[in-house]
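> As a plain string of letters, each chain reads:
Number of protein chains: 2
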Amino acid sequence: MSHEFVTAHIDHFRAQLFDLLRIPSVSTSPQHTADVRRAAEWLAADLRRIGMTRVEIMPTEGHPIIYAEWLGAGTHAKTVLIYGHYDVQPAAKADGWHTEPFEPIEKDGAIYARGSSDDKGQVFAHIKAAEALLANGGQSPVNLKFLIEGEEEVGSTHLGDFITANREMLRADVCVISDSGMPTADQPAIVYGLRGIVGMQVDVYGPAQDLHSGTYGGAVHNPAQALAEIIAKLHNPDGSVAVPGFYDDVLPLSETERAELRQSALDEAIWLAQVGAPQPWGEAQYAIHERTGARPTLEINGMAGGFIETGMKGVLPARAFAKISCRLVADQQPDRILQHVRDHILNLAPPTVRVEVTPLSSGSGPAFVDIQTPAMQASIEAYAQGWGKRPVFMREGGSIPVVTDFQQELGLPVILMGFGLNNDGAHGPNEHFVTEMFRKGIHTALYFYEAVGKGRN
Amino acid sequence: MSHEFVTAHIDHFRAQLFDLLRIPSVSTSPQHTADVRRAAEWLAADLRRIGMTRVEIMPTEGHPIIYAEWLGAGTHAKTVLIYGHYDVQPAAKADGWHTEPFEPIEKDGAIYARGSSDDKGQVFAHIKAAEALLANGGQSPVNLKFLIEGEEEVGSTHLGDFITANREMLRADVCVISDSGMPTADQPAIVYGLRGIVGMQVDVYGPAQDLHSGTYGGAVHNPAQALAEIIAKLHNPDGSVAVPGFYDDVLPLSETERAELRQSALDEAIWLAQVGAPQPWGEAQYAIHERTGARPTLEINGMAGGFIETGMKGVLPARAFAKISCRLVADQQPDRILQHVRDHILNLAPPTVRVEVTPLSSGSGPAFVDIQTPAMQASIEAYAQGWGKRPVFMREGGSIPVVTDFQQELGLPVILMGFGLNNDGAHGPNEHFVTEMFRKGIHTALYFYEAVGKGRN
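Heads up: the sequence lines are chains A and B, in that order.
Number 473 marks the last residue of the first sequence (our numbering); no jumps.
Number 473 marks the last residue of the second sequence (our numbering); no jumps.
Take these hints with a grain of salt, some might be off.
If chains are identical, the list can't say which one is meant, so a pair holds when it fits in one copy or spans any two.
[Stated by the list, open to error] With a cut-off of at most 20 angstroms between alpha-carbon atoms, the simulated SDA-like pairs for lysine to any residue come out as follows:
(1) LYS456 - ALA201
(2) LYS123 - GLY444
(3) LYS123 - ARG183
(4) LYS405 - TYR221
Read the hints as simulated data drawn from the structure, not as lab findings.
Generate the whole structure from the sequences, applying the supplied hints.
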């Protein structure tokens with residue numbers, strides 16, 4: 017019945033989305049603060065109208081967070097926490113848009129507007145699924161909680177603290193995030209693993225000040241050279257990280273998982289053409305998508321020392337430094353990896369220089385949901401019904417700290433159930449959301465709530 | 017008789033030097049162009065007055081060069097080429113001078129003025145020695161050629177071309193330069209070796225543009241890491257340079273030479289306190305003064321890649337580079353060393369990145385005059401008579417391109433016969449020239465001409 021409701025109201029839902037897309041809720045720009053607020057109020061009003069029983073626009077030190085809940089399924093039913101964001105990236109026609117970014121139009125089967133895919137359209141699909149369930153005095157098979165923030169495009173600055181401060185309110189059985197894309201329109205994909213990150217700076221100090229390389233060169237250990245000598249010992253010749261203990265907590269890839277990952281793997285030649293490097297590099301016993309998704313790394317994000325302007329200067333620098341970050345996979349912990357790398361670097365430091373290692377952030381752990389867990393199985397069923405095709409499973413190399421927050425602070429499995437396409441133009445000009453994917457997204461969200469509600473979670 | 021002439025006229029010589037020091041011939045400053053010219057004219061007039069037979073102010077594209085000669089000793093006699101400069105560093109009382117820098121005064125036995133030591137006072141000592149020889153229809157035992165430039169403080173921009181264009185005119189048997197200091201007033205010192213230099217840039221290219229270190233990290237060879245891995249292979253664990261062929265042309269240090277060098281060696285603890293590094297570094301079988309003076313080096317003058325601002329950025333950089341220079345000792349040649357280092361780096365380059373090595377200059381060869389050569393022996397005799405003490409011999413780690421020019425373009429042994437003190441304040445405030453060293457310098461120059469003239473050259 018809910019699905020028929022969606023079919024009957026899809027044109028109205030799209031018209032409503034157009035209204036939301038007209039609000040330029042650009043979180044990066046102070047001149048749009050009122051617009052950001054207006055978008056929050058618009059969504060809160062819609063959430064109230066569809067029958068959510070508690071709807072609040074909760075203040076933060078930045079843009080507000082919308083919280084909405086419907087707990088009518090009862091204390092014994094499962095609860096789904098839906099995360100999304102109502103803020104958008106900046107956009108101006110002059111950036112290469114063919115139409116005004118905040119005047120949505122439908123063209124060639126897609127809705128063109130800033131935020132159509134990232135993330136208004138995707139989070140709105142969930143709201144419309146909830147509407148379909150609650151319409152005409154209906155019931156949802158699961159309790160529903162919406163957490164929709166207004167600062168995702170500025171780094172979710174206040175979300176972590178908000179989650180920590182509202183653990184009880186946000187308690188749920190599963191968190192679903194629809195804020196990503198799939199490789200092709202007919203092949204749904206679920207990201208079940210994200211890498212964490214931890215960063216540090218390595219400073220190498222030699223002489224008290226920059227020296228004349230003629231007068232002193234040959235008798236002073238050059239800090240740039242000493243740093244290079246340390247960096248060169250951080251990897252083994254096979255591309256693996258040479259830090260003792262680095263791989264201790266890495267979950268091994270099972271053959272089942274490797275087979276699953278192969279289904280969505282990009283062809284190596286296509287990947288290499290995108291990258292533009294002479295050859296791939298790294299651990300030969302792992303495929304490229306495994307190296308970038310399922311294996312941890314140690315990367316030199318930056319390094320510098322001495323004279324780096326145009327020309328030449330006969331200087332023996334007093335200092336050199338490198339910024340290093342490690343991408344982490346389950347079950348590595350940022351603080352443990354930081355300690356291992358730091359210990360190794362300090363062990364490598366020769367007595368001819370002074371070496372310091374300073375953390376650059378507290379880091380963020382990897383996110384990982386086992387494909388065999390009920391929540392994942394529910395998402396497979398939802399896609400199979402909503403898309404008519406079983407989803408493929410992927411691991412992504414980047415980090416989404418908010419996923420880690422949900423996982424670590426709330427202890428929730430997080431399902432990254434994207435309804436967009438990778439080439440939707442999020443953050444670029446002519447962002448769009450395929451209308452058919454908006455429709456399928458609503459149905460898929462419904463199927464997901466139903467699958468979770470059947471106690472499969 | 018010439019020495020008595022010096023003794024009789026020393027007060028007058030000093031008064032003349034004061035006149036020269038009053039001219040603010042600051043070559044770096046366009047507003048002093050006329051003053052620079054005036055200093056050249058003043059010196060040319062004095063050179064004519066003392067009896068030099070050909071005196072010319074020869075134009076360059078910058079400040080003019082003074083050339084003067086007296087060839088009365090005849091074609092079978094030796095010829096001494098005296099190099100000096102009449103331009104000075106900028107100076108203003110506000111920089112910390114106790115007196116006006118261009119109003120010379122004598123105080124506590126020293127002449128205070130900009131240029132008193134560097135180099136007007138020292139080159140003028142040679143002119144006064146020539147005057148003493150030629151006075152009253154006298155003869156010099158050697159032919160004399162003066163080459164006094166006005167651009168030493170701006171890098172001798174036009175001197176190299178001038179020398180090349182005037183090889184015949186400048187032909188001589190020995191070149192003497194008095195433009196340096198000795199460690200203490202009673203211990204004359206001769207620098208008989210200077211290191212040459214050759215520089216290059218190493219660029220390491222990886223992906224076509226900076227990549228997200230999460231999305232791509234683990235499958236792309238990071239150019240900063242690849243550069244560090246190359247740099248780490250440029251030295252052996254014992255501190256020597258690991259480039260094949262690097263030491264092929266290095267003249268070995270004889271035990272005699274090592275004993276000679278030890279006489280002026282700085283105590284290691286004092287040296288280390290000056291440097292401020294935790295420990296000395298380098299080839300253990302050589303003393304510190306040998307490592308910096310008599311051994312070649314390969315130095316990282318600068319290196320950079322990726323994100324080097326404050327904070328952290330998850331970037332896998334597209335490029336990293338290093339600026340490398342080698343200090344050379346006799347008989348290493350800049351072009352050969354460049355080739356050796358370049359070949360080695362390109363051999364080390366892995367196929368996962370693209371490496372380019374670009375020369376940063378044509379380099380300059382090392383300068384070296386064997387202590388046993390007659391010109392050196394003449395200078396020993398001159399100091400022994402003029403200073404009452406045998407000079408010590410030193411090798412300096414820096415490079416003075418003009419010395420290389422004289423040596424390579426004119427094929428001359430170059431004697432660096434400083435009359436100043438290391439702490440004369442050249443380039444700083446309160447530059448001064450100890451009056452007694454001005455007087456001894458004139459006598460020592462005379463003894464030198466006499467020693468060369470006795471056919472010891």
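> Are the hints correct? Go through all of them and say.
For each hint, the structure was consulted:
1. LYS456 - ALA201: Within one copy only: 11 angstroms inside a chain, 93 angstroms across chains, cut-off 20 angstroms.
2. LYS123 - GLY444: within (18 angstroms within a copy, 74 angstroms between copies)
3. LYS123 - ARG183: neither (43 angstroms within a copy, 80 angstroms between copies)
4. LYS405 - TYR221: neither (58 angstroms within a copy, 42 angstroms between copies)
Checked against the numbered hints above, the structure breaks hints 3 and 4 and satisfies the rest.
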